[in-house]
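Colleague: Residue-level listing of the chains:
Protein chains: 2
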Amino acid sequence: MNYGTIATWRMAHDGVIKANELLQNSGSSDDALEITVKSVEDYPFYKSVGFGGLPNAKGILEMDAAFMNGDTFQLGAVAGITDIKNPISVARKLSHEKFNSFLVGQGATDYAIEEGFEEKEMLTERARKIWSNRLDDIKKHNLSAYDGHDTVGVVTLDKQGSMTAGTSSSGLFMKRPGRVGDSPLSGSGFYVDSEIGGASATGLGEDLMKGCLAYEIVRKMKEGLSPQEACDQTLYSFHDLLTKRYGKAGAFSLIAMNNRGQWGVATNVEFTFSVGNQEKEPAIFIANMGNNHSTIIEPISQEWLDAYEKRIKAPIK
Amino acid sequence: MNYGTIATWRMAHDGVIKANELLQNSGSSDDALEITVKSVEDYPFYKSVGFGGLPNAKGILEMDAAFMNGDTFQLGAVAGITDIKNPISVARKLSHEKFNSFLVGQGATDYAIEEGFEEKEMLTERARKIWSNRLDDIKKHNLSAYDGHDTVGVVTLDKQGSMTAGTSSSGLFMKRPGRVGDSPLSGSGFYVDSEIGGASATGLGEDLMKGCLAYEIVRKMKEGLSPQEACDQTLYSFHDLLTKRYGKAGAFSLIAMNNRGQWGVATNVEFTFSVGNQEKEPAIFIANMGNNHSTIIEPISQEWLDAYEKRIKAPIK
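Residue numbers (this note's numbering), protein chains in the order written: chain S, 88 to 404; chain F, 88 to 404.
Derived by calculation from the structure, the hints in this document are not laboratory data. Where is the CB? At the ideal position from N, CA and C, for every residue including glycine. Incorrect hints may have been included.
Heads up, simulated BS3-like pairs for lysine-lysine below, C-alpha to C-alpha not over 27 angstroms straight-line [as the list claims (entries may be wrong)]:
id	chain 1	residue 1	chain 2	residue 2
1	F	185	S	227
2	F	335	S	145
3	S	246	S	105
Ranges of calculated distance between the beta carbons of each label pair, as one might list FRET restraints [what the hints assert, rightly or not]:
id	chain 1	residue 1	chain 2	residue 2	range
4	F	331	S	216	46 to 54 angstroms
5	F	385	S	225	55 to 63 angstroms
6	F	147	S	208	24 to 32 angstroms
7	S	130	F	145	31 to 39 angstroms
Next up, chain S with everything else stripped away, as it sits in the complex:
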């Protein structure tokens, strides 16, 4: 029986391994999704998701997350939630609500506390220093404030044929308080239908929500395209369209998996991801935009991994 997990960025890999162990033992796609995202949320050195994530312009760490079940289309989402250990778990709980399934700001945090989700000071000293240094740089060098928006986006398939999609992100570094990206938005940040497949996005949310690409990729898989064909045809034509009509396309990357465990990705920047299914153990790959609306996908090198490890743990002055 088929199963699998695909997730954005190298940071998701440890979670993908755990998820696929669960799936191999007939665990549910919902549980596998949550375990993957929590693994990223909990790790202090990933600075764009959960604990250790970078804060907004006022130094407050606001987080977004979403959870969607592809059997029933039930979905839950939070945006601008603060000091809750696992936003993905709150989104999962909200997906069971018929009303009020998408909560933002203080309302989201209050809900999480009322429902007993673990509270945690999510801003680390390291993240606070990076924020403070960045503020100085912006003043001194007149840099653009906005940088970094690496959402963890995940799609899972279980042996029972159920699929789940979800996201978690601390959003754009130095964002305005209350800013929401694509991550908690259905169709833009994620979409899944267990009878077809699922997709999820990472990148500049402001541009991603102009295209509804996660929905479109699932729709193209419904028409019979492979996940890779669906990703290629959707992402690169939207990149071209946005360049023509809006002037410039921000960075974005999409992942997809269908209900047979086949997968695909497309991206207009250097993009890493982790994927494993019934046929292959989880592995990290690196993707780049190729010619003629194609994607170049290669196994990650040890050199890249070592440099990454060094970079994320480098001392902050």
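Using the hints, position chain F against chain S.
Modeller: Okay, now just chain F, sitting in the frame of chain S:
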């Protein structure tokens, strides 16, 4: 040259008349969109949008709005904004931001104040009374708290061929603080591409965001379907899908207009709307679900209008 405006619910009619006057005189689709929505936001007897809108469970009036330009795909949105006279104008302003174009909660309100948008106590005494009575009813009769979610959704086309879509809503009556519906979500609440057409939704946001129907209707129009065919094929098949997979489909209605001023609607409840284009003056219609995925559309009767007028202005004890 073609032009037109279509908008959800009878409440939009006065705004649609103003919009089409502007469009006839070569005004822009952006201005026509804003004028339509503001007309609804400003009117105290429409209890689901702007001034006079019904508050959340804590008695606070939180509003959502979005604005999208179909030439550039620029879009701006707010959710959970409070005590700002015209949320649609804030969303329009945000659509020009490259970053931070979707703001929620206090961040949205702070932005509006900083940018000089008019502040206003938006909760009317009438709305407060309706809220207070409802609280009593819920306690006494064990009623479901949630009722009423009539978003104003609008699509405009100008003589220059530009199109705009937008929404404004105070959301679900008695919602949890921070609840966001489909109205500010691209693809679910609205979508527009000037080279094709636009669409907008009203109804139970929690269910609408499971389907991305506004995006799907625009996509079907791109494939050559008329707005009516696109609405019929999209809405009723999603109604059936959601009934099968989720158990029940909430109430929802969609409007669409293509770039020739042709229009369509579909709905699974009794639904009124206003539309006018280069061929016909704005008029109010009433729509209902027909057989075999079709929509029955009839001119509104004077009797219906009189009863509506009486109902929205009835004294509140």
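Colleague: So, against the hints stated earlier in the document, which numbers end up violated here?
Modeller: Structure breaks hint 2 only.
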